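K.L.:
Each chain, letter by letter, is given below.
There are 2 protein chains.
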Amino acid sequence: MRRALELARLAETAGEVPIGAVVTLDGRIIGEGENRNRRDNDPTAHAEIVALRSAALHLGDFRLAGCDIWVTLEPCPMCAGAISHARIARLYYGAADPKGGAIEQGPRLYAQPQCLHRPDVYGGIAEKEASALLRGFFAARR
Amino acid sequence: MRRALELARLAETAGEVPIGAVVTLDGRIIGEGENRNRRDNDPTAHAEIVALRSAALHLGDFRLAGCDIWVTLEPCPMCAGAISHARIARLYYGAADPKGGAIEQGPRLYAQPQCLHRPDVYGGIAEKEASALLRGFFAARR
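Residue numbers (the working numbering), protein chains in the order written: chain D, 2 to 143; chain W, 2 to 143.
Think of the hints as simulated: they come from the structure by calculation, not from any bench.
On a predicted model such as this, the values are computed, not experimentally measured, just so you know.
Take these hints with a grain of salt, some might be off.
To spell it out: a stretch of chain W is covered by chain D in this simulated footprint if at least three of its residues, at any positions, have a beta carbon under 8 Å from a beta carbon of chain D; those stretches are [as the list claims (entries may be wrong)]: (1) 36 to 42; (2) 61 to 71; (3) 100 to 107; (4) 133 to 139.
To give a feel for the contact side, a few chain W residues facing chain D, derived at Cβ under 8 Å [to be verified]: (5) R54; (6) L58; (7) A83; (8) Q113; (9) Q115; (10) P120; (11) I126.
Cut-off 20 Å, straight-line C-alpha distance, at most; resulting in silico cross-link-like pairs (SDA-like, lysine to any residue) [as the list claims (entries may be wrong)]: (12) K100(D) / R88(W); (13) K100(W) / A112(D); (14) K100(D) / F138(W); (15) K100(W) / P114(D).
We put the CB at the ideal spot given by N, CA and C, even for glycine.
Construct the complete structure from the given sequences, taking the supplied hints into account.
P.N.:
Structure, rendered in structure tokens:
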């Protein structure tokens, strides 16, 4: 999660919403990313999507069975869906997101009977640091 | 939708699940895609994601305000979320997807109070052709 927080800070420096993510396999980082919507002109370029795509390219497989993802914020529906498609084993996240989260709020995607693959979920990891980063970013823009 | 169905057939020829999508602005196609998960080793490479990314690159903007998306199958949570992030104005889709759809089934993402942007939704467009393609694909694999 330390690396995910570093990536979130990199995103902030680039004028993006400060969220970072890493994908690990057996404790080693095999993919990482931070929000790049504005830089890449890409509506899908959330930290999780960037990290999942880079890990899948690294492994040469569109399924990341046995891999874990670490994200500084609770994933949105798009990212929660992508994590499920990628067959990620464990999801660790920092701050909960009452406005946009899809894990413990709103659609609660992994609680839907329709959901084909549910990772184990661990929230609240380095929560204070992750939410302080986001609060600072949005306060500066108001 | 004719072009989206052509793209779905291209996906099938390449051994991918036959789903296609196009993004239009004022009736002109500005982005398109078909499922490429296997070819690209990308868990996020559903037709809609590929089409949204290509349209956003084309416009040089991560928001596709005023654009429409045409997909042969009801979008999953990942794609429904991406369509919302991209601020797509209208979603037209072919077959409903009781197993994986997120519009009129399961999480019904656009009916969630949390949802920030809801496109207008028109389902059942060229539904028979779209579902016949998918049925044929899965029957051949059983």
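K.L.:
Per the CB criterion, is A83(W) less than 8 Å away from chain D?
P.N.:
At about 5 Å, which falls below the 8 Å cut-off, the nearest Cβ of chain D leaves the hint on A83(W) intact, so it holds.
K.L.:
Is the interface hint for P120(W) satisfied, with its Cβ closer than 8 Å to some Cβ of chain D?
P.N.:
Hint violated; P120(W) Cβ to chain D Cβ min 13 Å, cut 8 Å.
K.L.:
At a threshold of 8 Å, is the proposed contact between Q115(W) and chain D supported by beta-carbon distances?
P.N.:
holds, 4 Å
K.L.:
Checking C-beta pairs, does the stretch 100 to 107 of chain W have three or more residues closer than 8 Å to chain D?
P.N.:
Satisfied; 5 residues make the cut.
K.L.:
Is the shortest C-beta separation between R54(W) and chain D less than 8 Å?
P.N.:
With Cβ-Cβ at 6 Å, under 8 Å, it holds.
K.L.:
Using 8 Å as the Cβ threshold, decide whether L58(W) counts as touching chain D.
P.N.:
holds, 6 Å
K.L.:
Okay, the stretch 36 to 42 of chain W and chain D, do three or more residues pass the C-beta test at under 8 Å?
P.N.:
Held - the stretch 36 to 42 of chain W has 4 residues with a Cβ nearer than 8 Å to chain D, which meets the minimum of three.
K.L.:
Between K100(D) and R88(W), does the CA-CA distance stay at or below 20 Å?
P.N.:
Given pair K100(D), R88(W) holds - Cα atoms ~17 Å apart, limit 20 Å.
K.L.:
Mind checking the alpha carbons of K100(D) and F138(W) for me, to see if they're no more than 20 Å apart?
P.N.:
violated, 39 Å
K.L.:
Go check the stretch 133 to 139 of chain W versus chain D for me, would you? Three or more residues, Cβ under 8 Å, otherwise it fails.
P.N.:
violated (count 0)
K.L.:
Taken at face value, is the distance from the CA of A112(D) to the CA of K100(W) at most 20 Å?
P.N.:
Judged against 20 Å, a Cα distance of about 15 Å means the pair holds.
K.L.:
Q113(W) was flagged as interface toward chain D. Is the shortest Cβ-Cβ separation under 8 Å?
P.N.:
At 5 Å from the nearest chain D Cβ, Q113(W) passes the 8 Å test, so the hint holds.
Comparing the model with each earlier hint shows violations of hints 4, 10, 11, 14; every other hint is respected.
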